[in-house]
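Colleague: Here is how the chains run, residue by residue.
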Amino acid sequence: MEAVKVQDVSVNDLPWKLQYSSERCTMCGSCVAACTFNAIEAVMERRSVTVSTGHQPDPSQRHLAIPVIKQRAAVANACVGCGMCEKVCPNNAIKPVRNPDSRINYLNRSGGATVKRGGRNNLGNNERTLDKIVVGRISQMTDPALDSERHTFDILAPFGRVLLPHELPLTSDGNELTLSGHTPPVNWIYPVIFSDMSIGALSTRAWEAVAIATAYLNEKHKLPVRMSSGEGGMPIKLLRSEYLKYMILQIASGHFGWNRIVQAMPHMQADPAGILIKIGQGAKPGDGGLLPAAKVSKPVQSIRGVPKADLLSPPNHQGLYSIEESVQKMFMSMNAAFKFRVPVAIKCAASATSVSVYNNLLRDPYKICGGFFLDGIQGGTGAANEVSLDHTGHPVVSKTRECYLAAVKQGRQGQIPLWAGGGLGLTGNAAADAFKMICLGANGIFLGKILIQLCGCVGNELGRCNACNTGNCPAGICTQNPRLVKRLDIDKAAQNIVDYMLALDSELKKLMAPVGNSSLPVGRSDALVTTDRAIADKLAIQYVC
Amino acid sequence: MCRIGAIKSKVAFHPSLALHLMLPQQEGHDNSGFAMVMQDLEGVFANYKDKPLLSMACTQKGAALVEHFMETNNFTPVYEWIPRGVRQPGLDIKAMPYYIFRAYDYPEYYRTATPEAKAELLLDTRLALRVLLENEDQGYVYSFWPDVLTLKEIGDPRDIAVYFKLWDNTGELMAKNIVVQCRQNTNYEIVRYAAHPFFLQGYTLCANGENTFYTKNKEYQKPLHRGYIGFESDSQNFLYTLHYVLNVLKWPIKYYKHVITPLPFDEIAKRPDHRELTAIRQSLGHLEINGPNTIIAMLPDGRMVTCCDSKKLRPVVVGSDGTMIAISSEVCGLNQIMPGRNQEQDIYPNEREVVVITPDLEVERWKQ
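Taken in sequence, the protein lines are chains L and Y.
Position 413 of the first sequence, counting from 1, maps to 413 under full-length UniProt numbering, and the rest follow consecutively.
Position 358 of the second sequence, counting from 1, maps to 358 under full-length UniProt numbering, and the rest follow consecutively.
Since the hints were derived computationally from the structure, they do not count as laboratory data.
Using N, Cα and C, we set each Cβ at its ideal position, and we do this for glycine too.
Treat the hints with care, since some could be wrong.
Said to hold, decoys possible - Derived DEER-like restraints, expressed as beta-carbon distance ranges: (1) 363/Y x 506/L: 41 to 47 Å; (2) 120/Y x 321/L: 43 to 49 Å; (3) 503/L x 92/Y: 51 to 57 Å; (4) 503/L x 364/Y: 44 to 50 Å; (5) 491/L x 225/Y: 53 to 59 Å.
Take these sequences, add in the hints, and give me the full structure.
Modeller: In structure tokens:
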């Protein structure tokens, strides 16, 4: 017998254990080929079999060596529970099972490095605030409900700075008003934005699937959904195409890819739908983006204009020291780049100070801030340090509400459109989340994670997979490995997103119908009720029991 | 559901006509109250058209408080008319001890002031009186404006009419314009201030229906103007929006409809004035109404306006016999007061239509 030390890692120490039945296994090798984490291997095992075949007990013993599939007992190759082996096994011979006795928290910091993981929060996954709120105002006898199948609805949200009525450059001749001056650009778009996920975080093909879905929703279904590029730019071909009008270009703190965007400007056929300056992200505030060198493939290098190296976006814009400067930055980027034709918004992590930032932006003297994107703790798709993912961040619901009410206090609600994201659609019901956030004061929401889920991501909030950082994404979504990327059926992924958005659109109407509204119920907090006293108090909505 | 109506006539008429307009519609309301605003007065107030007229209901102490306040603020009473209620048993009415309609002279230093300055003074005075009475719980002040009289009461409209002797045309109370409502007050607490028509600086408005955007309307309106207070009824928002669009922003009347029921974005895009309409829609999104409503309003210059919600979920009809035009929730009211009119010329405004009746009884109709 081999000598074993008590400190040695065993399979029982790992978060997932493989349940394997050698009797069912035909040793086809599919599971081993499918496992991108090298968590399993084909090995020989020695078996001894005792049989008695005659009428009288006459046991005979045979020793034989048989091939089996075995889980590796190594932290580096720990099974992540993605279930690819089970998916490909023709005989139901293998599946991962969660190991409640895992010691992984003690083991995986070996080497002194912090643990990195894909963007899923593993803590606090009990019932969410949004799930404790329901639409409680049902119109019946006083104000008729609208039949969502027959009525027309007007579902659009602003992206861009809105002026107060008395600030509009309108002149009256006693009968007609004429707009005589320049007003900040506002694009009216669908109240659900495909959140910023970069090519790099996503595989080029996954990103393309989202972009195709966006274009299809616009062109075919006339649903004006916009997609944010994420940090790192986008393909030149797209920059020079008509479809740029469906894209929101992101300036993130690393400024990756902006060189190419600037160079493409003279050749642009269409203005982008907007600019989003990412100040911070909700899933890992205080951490920048983290694209490991392993994921920096040739296309990523060329799009971002970088060598193959770890790419770290700083946690904020290094040249910014204040909110006022961020406004200046928006002013300059907009002025220089698109001659005030394109709205510029900023995205911050939800935080205890969000309201101060929003208050300050509302008083922006240049009327240039075209949106405030608040990103909550549940957001994020890319790699991050586990400790940041699990232990930093701020819920987005109450912060959005506070920002809205702060604007109400100043009589400036709706002036800088509020967009909220971070864990919206987490349970798969994005329409309900969107509707509730809008009633609480958001103008719209942005979705990220649910999109990759629709592409086929198998990760979940309970510690399954979440290996976006490794470059071994078994679904080919968060990897640049050409062999894995091919696993993603790009058309199917795009179709799933389109289908989901069409369903979401119907569901939004189904929610607008009972409260009797055909336009978005921004700030209609009276439509919501909750059975939770604390939520009622915090969000200033009705308490019911 | 409230039933609302308005009568505009070339010759002055008695409020009993307004009751005749409203009472056939009584199946549509719960008899919880009656209110009216009269404008362009004849009768006892005919000679005081340029004097601000205070309409209030109060206790004896309230009357003394108001008298003292007005005196210290240099308003001089010039004429008053106090109806003597018929206190007979069995009437469904929660009458206040006093109903006072009193015309005042402006303070001396205001007599040469601009109309705007006078309008501000009258508003501030009314707001101050309201606070004064409210703090002591001694009464209600409804309007303080030249040539405008407001009466509001909780109870059965018939009994209210008996109490105030509104059935008998004594010639004391006469007007050329009356906006009236028989009320159902169930949305919020039943208080006198919640009864329509609402009044602010010459703008009168009553509405029939429900304002589902009440909360967002209210949140937006509160800081817009010091006169936007109370919010005892979800319909009060429509008055404030009317006042805001016409009086504060000084926009033409047609934009009121664009503010409360903006066109859908795809329809705006097809219009030549899409830049203006888009700008208005996005800047005034919080004043939109989305509920089922019909609005009847009277402007300071005596014009009357009616329009509906964007889905036409509440009815309204306009009828005329040549010397008189009436707007009513239900046609049965018109049939009662103008049985001989040509019914084929009745107007049933649709969801995008605005009807304006000018002081010389011309009817303007236009599509939003």
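Colleague: Confirm or reject each hint.
Modeller: Hint check results:
1. 363/Y x 506/L: 41 to 47 Å: holds (43 Å)
2. 120/Y x 321/L: 43 to 49 Å: holds (45 Å)
3. 503/L x 92/Y: 51 to 57 Å: holds (54 Å)
4. 503/L x 364/Y: 44 to 50 Å: Holds - the Cβ-Cβ distance for residue 503/L and residue 364/Y, about 46 Å, lies within 44 to 50 Å.
5. 491/L x 225/Y: 53 to 59 Å: For residue 225/Y against residue 491/L, whose Cβ atoms are near 57 Å apart, the range 53 to 59 Å holds.
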